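**Student:** Each chain is listed here by its residues.
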Amino acid sequence: MKKVITLILACAMIFTMLMGTTAMAADKISVGIVNNPPSESGYREANVNDFISVFSEENGYEASFYYSIKNDEQLSAARQFITDGVDFLLISAAETTGWDAVLKDAQDAGIGVFLFDRMLDCDPSLFEAAVVSDMAQEGTTAVEWLKSLELPEYNVIHIQGAMGSDAQLGRTGALDAEFEAGTMKKVAQQTATWDEAEAKKIVEAAINSKEPFNVIYAENDGMAKGAVAALDEAGITHGVNGDVVIMGFDCNKWALRELLAGNWNYDGQCSPFQAQVISDMIQKLVAGEAIEGLNENKQIISVEKGFDAKTITEEDIATYGLGE
Amino acid sequence: MKIKKKSNFFQNNSQLLIPFIALILLVLFNLFRDPSFFSIEMATNNSGFPVLQGNLISILNGASELVILSMGMTLVTAASGGQDISVGALAAIAGSVFVKIIKSGEINAGSVILGFILCCIVAMIFGAFNGMLVACFNIQPMIATLILFTCGRSVAYWINGGATPTFTSGLINAIGSFIPGVPIPTPIIIVVIVGIIFALVFRFTNLSLYVQTVGINKGAARLNGINPTLIKLLSFVILGICCAIAGVINVSRLSLINHETILINIEMDAILAVAIGGNALGGGKFKLVGSILGAYAIQMLTTTLYAMKVPSTDIKAYKAIVIIILVVIGSPVVKDAITKSRLRRAQRKQAIAGGKGAE
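Those protein sequences? They're chains A and B, same order as listed. In case it helps, this note's numbering puts the first sequence at residues 1 to 324. In case it helps, this note's numbering puts the second sequence at residues 1001 to 1359.
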């Protein structure tokens, strides 16, 4: 009995090996993708889905995925991909350190490495390119949009995320610069530590202080929703035809629907979509061309999107919205 | 005569002195800073209904979850001599169950009631789990509830998946915001109802007495025919129900649940409310009213700091300073000193009166 099972298993293994070679022979580019698990956040879910859809068989790829939130598991997965002999290795690391040896192995094996979403603490010669987000860019894009409205005056309620987090620092910076320059007036600036209900209380306090305001800049969608609830209770109009401009971040699908309904004005996003950019670069490398557009650290800063309630479409929500 | 009555009230309820002082100090400070701070006015909300508006309403409304949780926390503290640090996590689980039920179909009165009952049952089970660890296995309450504190928000995530599930319903809005036509925020009304239920339970059962007995001396309680295990377990189950109510109020406020941020850090505020309320954190005697006043004082402090425009980076430090002052005023050492000086003054008065009488 045991012999039969062994035989079947052996046959199966040989069969898969043959399958593997035939797939290789079909001239597909094999890529190994090491990422964080989609359950981490709505952002990560969108990121993972983006890579699955871009590095598909129809697009000429033979992709293997590995997800872990632990650095050591990611490292051993990357080693496995190198042993498997993939053509390209794509990494979004859990931690920024400890990757030098693996990247060196990849280089020695002639495997092209791309970093995405998160930068690694290593020598730039060890990878082809890194596609990363610049958090400060998000804030700048949003503030530029706000300035383009050319309101007669800017009295801003600024609701911050957890103090010191990457997203908070990036989204606060540009607005703080405007406050300092005196182009915008700070009616209130408080942290709600991403807590929606706390954001509502902050706006309630601002309303009760009777100081006039016409912009609410909330550093994520949830807190913007909290702010809007306070306005609704106080009978203050908001959105496209309202008295107060509402700005949020993250581009959750439900938030973009608020935009489409005209209840909010703007939603910014830290873009989770890096797959297409990397795919384009891989195609160039395969065709023997050089990659262009990198900065001195071999980075490409991904373009941050911002949606305006006046121009957003159902299609945008389907393409760029996070979550359900 | 009147003065004498008042002093009698505080002698009988001396523990209520601290939360009263805290509230009065905050009220005076705000009146001095900005006399219009407590003004209340009638406004019309965006649905066209009249609603009350003002800082006082904000404070009463915003403290609702904290008040309800601190009532339950007081019972647990008195019975077990320890605190439950998993109330925020448990409220997240309860809120998640509620959202799961009402989102599974059309939102109507039936599904809301079903959701509330089910989330109460789930919260009672988790509360009983905490209570079992404490009552049957004699684990320190803070350690026992550390388990749920650590994993509760992940459990809440599993129930719903998705980062921030949202929903829209006039019915949910009526729970978390205003019932159309009623100018008082619904959470305030819910707090009043919960308070009345607690008062009735204490009035018509011996729960309050049993809880105090168990908290003061477990052995003596057992000898008198009270089952300490059951009483402790019961206090955790009651806290579980409080968590469920707080969770439902919070998700209804904005028709959204974010497992990571819903009622975050509320366990610390609830424990603080119990402490400011003058209740012994080591168990035993307790006054629910003290904790309630303490909870409102905490919310008033936060609202005051918002109104003062304290920079967001400094707000926690300011909060800490005020809390240090309150806790020190309420400490046994200061309390003893005050009682002693009072006693001395009374003795001196008596001596003078005695001397006069002799003349």
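By construction, these hints were calculated from the structure, which means they are not laboratory data. All values derive from a computational prediction rather than experimental measurement. Glycine included, every Cβ here is placed at the ideal spot set by N, Cα and C. A hint or two may mislead.
Heads up, incomplete: computed chain A residues facing chain B, CB under 10 Å, no partners named [claimed, not checked]:
1) Glu180
2) Gly182
3) Lys186
4) Thr193
5) Glu198
6) Ile207
7) Lys210
8) Asn214
Each computed BS3-like pair below joins lysine-lysine, with the alpha-carbon atoms no more than 27 Å apart [as the list claims (entries may be wrong)]:
9) A:Lys210 - B:Lys1316
10) A:Lys185 - A:Lys3
11) A:Lys186 - B:Lys1316
**Student:** Checking one constraint from the list: CA of Lys210 of chain A to CA of Lys1316 of chain B, max 27 Å. Satisfied?
**Tutor:** Distance of about 25 Å is within 27 Å: holds.
**Student:** Would you check the hint for Lys185 of chain A and Lys3 of chain A, treating anything up to 27 Å between C-alpha atoms as holding?
**Tutor:** Between Lys185 of chain A and Lys3 of chain A the Cα gap is close to 81 Å, so the pair fails against 27 Å, i.e. violated.
**Student:** Taking the closest Cβ pair, is Asn214 of chain A under 10 Å from chain B?
**Tutor:** The hint is violated - Asn214 of chain A has no Cβ within 10 Å of chain B, the shortest such distance being about 17 Å.
**Student:** Once the shortest beta carbon distance from Glu180 of chain A to chain B is found, is it less than 10 Å?
**Tutor:** Result: violated, 14 Å to nearest chain B Cβ.
**Student:** Going by Cβ atoms only, is Thr193 of chain A closer than 10 Å to chain B?
**Tutor:** Holds: closest Cβ of chain B sits about 7 Å from Thr193 of chain A, inside 10 Å.
**Student:** Can Ile207 of chain A be said to touch chain B, with a Cβ gap under 10 Å?
**Tutor:** Holds, about 8 Å.
**Student:** Does Lys210 of chain A meet its interface restraint, that is, does its C-beta lie within less than 10 Å of any C-beta in chain B?
**Tutor:** Constraint on Lys210 of chain A satisfied, holds at 8 Å.
**Student:** Given the hinted pair Lys186 of chain A and Lys1316 of chain B, is their alpha-carbon gap at most 27 Å?
**Tutor:** Given pair Lys186 of chain A, Lys1316 of chain B holds - Cα atoms ~20 Å apart, limit 27 Å.
**Student:** Restraint: Gly182 of chain A near chain B, CB-CB cut 10 Å. Satisfied or not?
**Tutor:** violated, 17 Å
**Student:** Let's test the interface hint: is any C-beta of chain B closer than 10 Å to that of Glu198 of chain A?
**Tutor:** holds, 8 Å
**Student:** Just to be careful: measuring from the Cβ of Lys186 of chain A to every Cβ in chain B, is the smallest value less than 10 Å?
**Tutor:** Check passed: Cβ of Lys186 of chain A comes within 9 Å of chain B, closer than 10 Å.
In summary, the numbered hints that this structure violates are 1, 2, 8, 10.
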